[in-house]
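One line per chain: the protein sequences are A and B, in this order. Be aware that the first sequence starts at 1, since it is given in UniProt numbering, and climbs by one per residue. Be aware that the second sequence starts at 1, since it is given in UniProt numbering, and climbs by one per residue.
Any given hint might turn out to be false.
[Said to hold, decoys possible] Interface residues of chain A toward chain B, partial, derived using beta-carbon atoms under 10 Å:
hint: 1; residue: Gln73
hint: 2; residue: Phe75
hint: 3; residue: Pro77
hint: 4; residue: Ser93
hint: 5; residue: Asn110
hint: 6; residue: Lys144
hint: 7; residue: Asn165
hint: 8; residue: Ile191
hint: 9; residue: Ala197
hint: 10; residue: Ala295
hint: 11; residue: Val298
hint: 12; residue: Ala300
hint: 13; residue: Ala304
[Unchecked claim] Just so you have them, the derived chain B footprint on chain A, three or more residues with Cβ under 8 Å:
hint: 14; region: 96-107
hint: 15; region: 247-257
Everything labelled a hint here was simulated from the structure, so no lab data went into it. Quantities reported herein were computed from a predicted structural model and do not represent experimental measurements. Using N, Cα and C, we set each Cβ at its ideal position, and we do this for glycine too.
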Amino acid sequence: MAQLTMIQAITEAMRTELKNDENVVVFGEDVGANGGVFRATENLQKEFGEERVFDTPLAESGIGGLAIGLSLQGFRPVMEIQFFGFLYEVMDSVSGQMARMRYRSGGRYNSAVTIRLPFGGGVHTPEMHADSLEGLVAQQPGLKVVIPSSPYDAKGLLISAIRDNDPVIFLEHMKLYRSFREEVPEEEYTIPLGKAAVKREGKDLSIITYGAMVRESLKAAEELEKEGFSVEVVDLRSIAPLDVETIVASVEKTGRAIVVQEAQKQAGIAASVVAEITERAILSLDAPVLRVTAADTVFAFSEAEQVWLPNYKDIMETAKKVLTF
Amino acid sequence: MATKSNQAKFDVKKQLEVVEEQFQTLQILNEEGEIVNEAAMPDLTDEQLQELMKRMVYTRILDQRSISLNRQGRLGFYAPTAGQEASQLASQYALEKEDFILPGYRDVPQLIWHGLPLYQAFLFSRGHFKGNQIPEGVNVISPQIIIGAQYVQAAGVALGMKKRGAKSVAVTYTGDGGTSQGDFYEGINFAGAFKAPAIFIIQNNRFAISTPVEKQSAVSSLAQKAVAAGIPGIQVDGMDALAVYSAVKEARERAINGEGPTLIETLTYRYGPHTMAGDDPTRYRTSDLDNEWELKDPLVRFRKFLEGKKLWNEEMENKTIEQAKDDIKEAIKKADAEPKQKVTDLISNMYEEMPNNLVEQYEIYKEKESK
């Protein structure tokens, strides 16, 4: 086993699938010779050639259309949109087209497309790079939305995403790309889409979260333990579909829950998680389910990230409100 | 001190004129059905010429019957096609079975002649998923409602064919209004950059609903938009079946020889409204304009041409009309017999493997449907 960063694990997943399946093609802006703006596709073109790994003109909508068309010809496109904020340019191809392909053709066609998009705050990017827009795509029937929080999960989930015969949005948090290493098996393995992972067991409170907020939640859980609280951390890993079973099982055990996301309160998917818990486990609740989110403003100017992004302290504060309700 | 600032550095007027000159309308048959460009005559046998006429007559009847069935409430969404037969059918006639068509919402006739059963076209109109379940081996996708989306997708289909080493092309259609979309430009530009075997057809019927083409763009021809992608652009008389066929055939040859895509503008007209959903062309079109274009009717001139060659007569025309009417009657009957859609059908068509939320909802609706 090797100690890999999340970005290396992502490259490994693509290498594995390029090797396994000749229909896999990787493309986007600067993913070829350059190896991607974050080196996610480093050396892949050298290894598999320009037919398999190639650059495109600078036009997100065109990239989406290219993926749909290639899929209609039996390819398995792994397309990259350089930053999630540029999703708006390709929203029709994603939500208006590939998400609906199987349904609109009555199963005759499908879009076996994986869309990789870096996102997330904490690294002082310019405007429209870090926005958390997962709430938009999670609302579109026909898509699956995956957000790994660790190198191990990233590799297994990306292999699953590429093998899935329906479109999968694979969101990669930029702050997690190189912030830590983890043991990642060299051989191929998959992690099922739509399955959450309990990253820490506890019995007093469930923290349900995803993306960069998983690490913040684990840190908060550690601090809370020092104060005598046993906290469970559920990493959703897929936000569409939600793993309602794991969420409900955790809440039924602890009786208290908070949902933590980096997105603004009116965005993200925390409200859906709260609704599912309310519908399915209200009799287990000893307190209302509260949310930790960013404020309902446009994503912060980079110098204001630190005061704007939710962190472990916000999580502790909300956790205590629920624990002492 | 003398300054040159008042002197024009570029002859901008000349620049526009030179571009305009590059996009002259290709015509082979004039309105009287006379050959005016022998050199461009496509190589078609007598039988092929008759078949093309048959298809155009058939499709004119299909349009008339569709409008009438729509008025009776026996069809739903319908975008009239009368006037565009040469543009739609002669272009499709230049294709091979392995070519893939990505149509717009008005391009149902091309799909039918490429192999989509008529009753499925009617189911598409009514809003039934079975209308879009294209038979295996028929290389089309159902009509695209988002104007421009078919263009970027065509670039992808064409690139796929190129990667497979196939000797086939992707063909897509949009209207004059659609050339203002970003996806229109991105589609032709991508296909150009990848030298992909695509044929992009603009059917310029002069109006996008009520907006005349002059309000879409200041260009002197839509074909010249190809210049922005660095690909060939051809303007043809879209009421002339032979010119349309010839332009598409040539573009196909270039494409399968690895020379990349072509943009073809057909100058055409729709005699009917934009769609049957309440559009009234008298609000924005003059009867003078309608009359002027009716003189250009693609059926009239092709009929004259074939009659001159003793390849067409009234009997053949009537036989075609009767055939069309019979087929349409049968197809509507077959569409009527299709079982009604259930929510469980719609759920089943969403994913290969049903996610949890749909598994749950499937059970709920199955229970409802069993009552």
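Now for the hints, and whether the structure bears them out:
1. Gln73: holds (3 Å)
2. Phe75: holds (6 Å)
3. Pro77: holds (8 Å)
4. Ser93: This interface hint holds because 7 Å falls under the 10 Å limit.
5. Asn110: Holds. Min distance 7 Å.
6. Lys144: Holds, because the Cβ-Cβ distance from lysine 144/A to chain B comes to roughly 7 Å (cut-off 10 Å).
7. Asn165: holds (5 Å)
8. Ile191: violated (15 Å)
9. Ala197: Violated: closest Cβ of chain B sits about 16 Å from alanine 197/A, beyond 10 Å.
10. Ala295: Cβ of alanine 295/A sits 30 Å from chain B, so the hint is violated.
11. Val298: violated (24 Å)
12. Ala300: violated (30 Å)
13. Ala304: violated (32 Å)
14. 96-107: holds (count 8)
15. 247-257: violated (count 0)
Going through the hint list in order, the structure does not satisfy hints 8, 9, 10, 11, 12, 13, 15.
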